[in-house]
Structures are given as structure tokens and as C-alpha cells.
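Participant: With the sequences and hints as input, model every part of the structure.
One letter stands for each residue in the lines below.
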Amino acid sequence: MVRYIIRRLLGALAVLFIVSLVTFGLFMVVPVMTGASPAYLYAGKNPSPELIANIEHGLGLDKPIPEQFYMYMKGIVAGRTDLTDGTADGSRPCPAPCFGYSFRYQSPVWDIIKDRFPVTLSITVGAAIIWLSLGIGVGVLSALRRGGFADRASMVFILLFLSLPSYLFAILLLYVFVYGLKWLPPTQYVPLTESPVKWFQALILAWITIGFGSAALYARLTRANMLETMSEDYIRTAVAKGLPRKTVVRKHAMRAALTPILTIAGLDIAFLLGGAIFVEKVFSLPGLGLLFVEAIGKQDLPVIMGLTIVSSLFIVVANIIVDVLYSAVDPRVRLS
Amino acid sequence: MTQTIDSSASLPSAPPTSFLEVRDLHVTFPTDDGMVRSVDGLSFKVERGKTMGIVGESGSGKSVTSQAILGLHNSTRAQVSGQIWLDGEELVGKSSEEIRPLRGNKMAMIFQDPLSSLHPFYTIGDQIVEAYRVHNKVSKDVAKKRAIEMLDRVGIPNAAKRVDDYPHQFSGGMRQRVMIAMALVCDPQLLIADEPTTALDVTVQAQILDLMRDLQKEFNSAIILITHDLGVVAEIADDVTVMYGGRAVEQGSVRDVFYSPQMPYTWGLLASMPRLDRDRKGRLDPIPGNPPSLINLPNGCVFSPRCVYRDRVGAACVTDRPDLTPVSDTHRVRCHIPAEQSQRIWLNELNPNL
Ligand SMILES: Nc1ncnc2c1ncn2[C@@H]1O[C@H](COP(=O)(O)OP(=O)(O)OP(=O)(O)O)[C@@H](O)[C@H]1O
Ligand code: SF4
Ligand SMILES: [Mg+2]
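Those protein sequences? They're chains A and B, same order as listed. Take 1 as the starting number for the first sequence in this note's numbering and just add one per residue. Take 1 as the starting number for the second sequence in this note's numbering and just add one per residue.
What the hints contain is simulated information worked out from the structure, not anything from laboratory work. The reader is advised that the hints may include incorrect statements.
[To be verified] As a list, the in silico DSS-like pairs of lysine-lysine whose alpha-carbon atoms are at most 30 Å apart:
1) B:140 - A:251
2) A:246 - B:137
3) B:161 - A:251
4) B:144 - B:217
5) B:137 - A:251
Facilitator: If you want it as C-alpha cells, here you go:
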């Protein structure tokens, strides 16, 4: 088990290395090759050639590309002290993990990400609670009452939210609850530690948007898995043993039916942790998704790169966690 | 599961003297294509200490019958009528919750495919302990001792250790032993074994059958053994019911059915029975044609489209349903061929060639 996890972690590092290499290639090398040095982005209008040269030197852009990449990788592990804004006393220290320095925000990239992450984490946790409890609850119930009223009602729910585009739903929520009924103040994110109520008010619509949309998907998946499991031979055996229906459903059917759903949930959550771009934009929540949008607008390459690597980190780690959990639940799965 | 079909109204309602008596059992599944009459008027009796073999081709209604006895049919998707008397108690009118205390306790079942019939996520020990504790108020430790004892009893080597293994860690034959141990853990008085040996090779098959026979002696239980293998029936059953298209077409003692069968379908089954003393070439002589559709049963005798003796009787075979008619105290046959004539056909034309 420990050896398995170590091997998977090494594999994850390799994946992250490749991701870094590719993003580095895309964002740092291509502009140089096309002749538009990233230094222009930082230099204001009509810069003098010396200024550009200074900035390039300060960012290390005048070094050979492999060396630049080496410095970048090393910076993630050990931090960097070599970055400057091109002037003599313009040193920009960037402690580990250093994903570069953003001149747009005048801050190391990692600090910006750290600053924004709690917002995205709040969105993700709340949304996941809604979609897992609602999706699994509705799915199990409609499978057990197959063909009955509850099943039909949940089918309507599922169809509605699967076909309703989430941007429409989000804007609808915004207009009804914020501008129409005025039940919620116009959104302004406040950290949980500052005011739980305001935090909740700022996030609830985002949770509902993501939560209901995903819940529909999960309900459909849960229903299908539950129906399939309930027709398995081992469920018939459980009934034939004389077990109460409650035990048959909870202990025998749900455990088997929900295991694959939780693995999917793990990956979905990891994906969401990388930033819920659209929802953050609509509800003005300054999380990683909004940061990404801003960074693209400002052509802030170090931030874009940092975000790309961090979101792939989430996905790679979630993959490992999900596989280990799966093997803990299903004894047929051998980790090797 | 209520008694709705008229024919059951005319049945005697007095409890029978037999330990298990099934009277005019009907199981019908309403489907989009029509009513699937999987079991259509089946009756039989089993005493304690005796074994009833139910044989018939795939789809003849064997499993549906056994599941009806345990009340496993979903009441919204299956219509069950008739009477099932177990030890003086009628089961067809009972709700699932009323039958539940009997399941796994007074009557237990061994299913066809032991791998898919055991839960993949729980150890076999957990599954047997669960089966025991649902009917017996004992601690987990006591139940686990019982589980180990049962595993040992059915011939699992090193039972105290293997009790913590998962189903996929056992071979097919061992898994079937686990199923048997689980079915017997509450000392059931009725054991239904639905093709318990089909998936196993011949040696293991023989071991499992021996085991069931020994356990029957020990616990004096009634056994219903479902199979499409007449050889197995000849070996361990006392009585036989031959099923075709959801009904009994021949019923009697093993002697009756094997030594003086009187019905063309039974003849076909006997002819297709592999025997070690027969030479390999002419060994299998399968019945031509396919089992009937249970939605649109043929007019007349249900077997008539496939029966090569139809011509000897004439029109009756395709116009009149034959009844299950007694030919002796123990032997009943559903066929229009008169008894003496079918005896002659068996003795003169068929038996010598088998
Ligand atoms: N839930 C159901 N809905 C519709 N038809 C069903 C259902 N269950 C069983 N049947 C039909 O009932 C018939 C009898 O099935 P059954 O499983 O009893 O056959 P069997 O004699 O056990 O065959 P086998 O030897 O293959 O196990 C089959 O034609 C089957 O298609
Ligand atoms: S009744 Fe006729 S068709 Fe049916 S088995 Fe007898 S001979 Fe064959
Ligand atoms: Mg069957």
C-alpha cells in the first residue's frame, strides 16, 4: 500500500513536470519566437529598447530557454531571488513555492493564488454538499420507487436541470433573488472568518447554480446504478437470507451502487477546485476562476502558468486519493 | 401477491399433511409484449427428508417456481396465485414482510451462480454471520464461531482462516460450498437448490451432491433440487417433476420417471442425457426445436410443435390441452397417448436404443 502510494506520487510528479513543460513552452517560448517578448507587457507604451532589455534581463528572459525552465522548476521547490523589475534596486524576492512573479499584481504568483483559493474552496465545498446529498438522495429514492410518483417527479427535476444551461440558471437566480425579490444583497464576497452570514449570502447562489446542475447528473447516475445493483444476484441472496429491506438497501445495495459515484465525485471536486470560471464571473466571486479570467485579460503569463499547474496538481492528487479509496471499499481491486 | 386467479378458488383450502405442498401455482409477468406465463398451474409435494428433483429445459419456469416459494417475486411486477403450504402455513397470501422470518431460517436457497450471488464487498464470514444473526439473537463472536463451524462442515479447508476471505478469493466449487454453508446456517427445514452444480466440473459436482445428501440425512430437511441434468436427479432425488413451458408434464418417483417414462418430452430428455456407458458418437440426441413462447402458448399440447409422436394420436394433440393424469398412485403424465401405448413405445422402440 505505502509502496503503491509512493509510486503513484512519483507518477504524479512526472505528470506535473510534463504539464509544466508544456505550459512553459506555450506561454514563455512562443512569444519569444514570434518576436513579441513578454517584457513588452510590463513596459508600458512605446518602451525604449534598453528598458525592454533590462526587463528581459530582470525576468531571466535573456538566458537560454532550458536554463529558464530549470530556474522555474527550481523556483517551485526552492524559491528564487534572481527576479528583478530591471532596475538596480528592484529585486522581487519570490519564496518557495515560486511560480514566478506577477508584475500586474506586484506579487509572487503563489501569494495571489493562496489569497484567492479560499473563495474557490468555499464555492466547491458548498456546491459539492448540495449536489452529493441532493443527487444521491433523489437518485436512490427514485430507484427504490421506480415508476412511482417520486420517480417521475425526480425525472422532471433531472431533465429540467440537465437541459437548462447553467449560465441561464445563474442569471435567472441573480435577477430573481438579488434584483427582483431583493432577498440577497448584490454579491460582495466576505471571508467566512469575517462574517459567516455575508459569506453565506455571497455564495448561496453559486452553490445552487453548480449544485443543482450537478445534482441532476448525479441523480441520473445514482438511479441507474441503484437499479442495476438492485437486480444483482447478491441482492436477491440478501433478501433470501431474510434480511429486512432497510438492511438490503443500505448495506448491500447502496454500498455497491455508490462506490463508482464517489470516485467520479472526487474528480469533479478536484476539477472545480481549479476554479469555477463561469460562476465566479457571474456572481463576482474573486476565486481562482475569476483570477484566471483576469490574468488572460491582462496577459499575465506567470499567473496563467501557475494556475494551470496548480489545477493539474488538484486533479492528479484527486486521482490518487480516489484510487486508494476505491481499493479500500472494493476488495476485488488490488493496488499494484 | 394476492390470490386473484379463479382456478385457485376451487382449490381445497385445508392445510395439507405434506411438509411442503404447492397447489396450482401460477406466476405471471405482465410485460409490454403480453403476459408471460412462466409458471402455469404447477402442483407438487415434498416431505421432510425427501428430495424433489425439478428438471426441464432453460426457460421452463424452474427458477421462477423456487423464487415464488421464498416469496422473492416483486409484487408489482409478478402476479403469483395458487397455494404454497409450508408446514401448515400458507405463503402465497402473505406479504413479503410476513414471509421474511421464514426466509433463510425455515426455508433457504442455494443459487445457481455462487460468484454473482455473494456480495463482492463483504467477507464470506460477514455474510454468513449476517444470515445467522438476522434469525438468532447471538453476539457477533458466537455467530462467527458458528460460521467457521459451518464452513468446516461443508469441507472448506482451514475454515478459521478463510472465513475472513472475500468471495473472489475462492474457486467455483469452494464458493458453492460457501453458499451451502450460508443456506444451512439456520438449519432450514426446506432447502431449495437452484442448479447448484451447473457451473462446476464433474468431480466437484459429485462432491457437492454428496455433501447435500449427507446434510439432508443429518438435518432431515426437505430438498428441492432444480436442474436440467437428469443424471443428477437420478442420483439423489426421490421424486421428479418434469417441467415444460411452465407446467408439469410428468411427475412421479425416480423409478417411475426413469424406468417407465410415458411422455415424449421426458423421452427426449432421457435420450439427451449423457451417459458414461454409451459410446461418444451417438451420445447426445437433443430434442429438436425450441422451447415455446410463454406469451403465446401453442394450442393443444404445449409440446406438440416439437413432438415426433404427435402423428400417432391425431388431431387432439393440436386442439386439446392434455391434463396431468394419474397412471399409477405415484405417477402422473400429461399426454394424449394412452398409457399402454406409451409404455409399449418406451419398452420396444426407445429403451433398447438408450
Ligand atoms: N421478471 C421477469 N419478467 C418477465 N419474464 C420473466 C421474468 N423472470 C422470468 N421470466 C421468464 O420466465 C421464464 C422462466 O424462467 P426461469 O428462470 O424460471 O427458467 P428456468 O427454468 O430456471 O431456466 P434456466 O434453466 O435457464 O435457469 C423465462 O422464459 C423467463 O424469460
Ligand atoms: S400430447 Fe401429443 S403432442 Fe403432446 S406430448 Fe403427447 S403425443 Fe406429443
Ligand atoms: Mg433457472
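Participant: Mind checking the alpha carbons of residue 144 (chain B) and residue 217 (chain B) for me, to see if they're no more than 30 Å apart?
Facilitator: holds (25 Å)
Participant: Would you check the hint for residue 137 (chain B) and residue 251 (chain A), treating anything up to 30 Å between C-alpha atoms as holding?
Facilitator: Holds, because 19 Å separates the two Cα atoms, which is no more than 30 Å.
Participant: Between residue 140 (chain B) and residue 251 (chain A), does the CA-CA distance stay at or below 30 Å?
Facilitator: Within the cut-off at roughly 17 Å; holds.
Participant: Are the Cα positions of residue 161 (chain B) and residue 251 (chain A) separated by 30 Å at most?
Facilitator: Cα-Cα ~24 Å, so holds.
Participant: Given the proposed pairing of residue 246 (chain A) with residue 137 (chain B), does the C-alpha separation stay at or below 30 Å?
Facilitator: holds (18 Å)
The structure agrees with every numbered hint stated previously.
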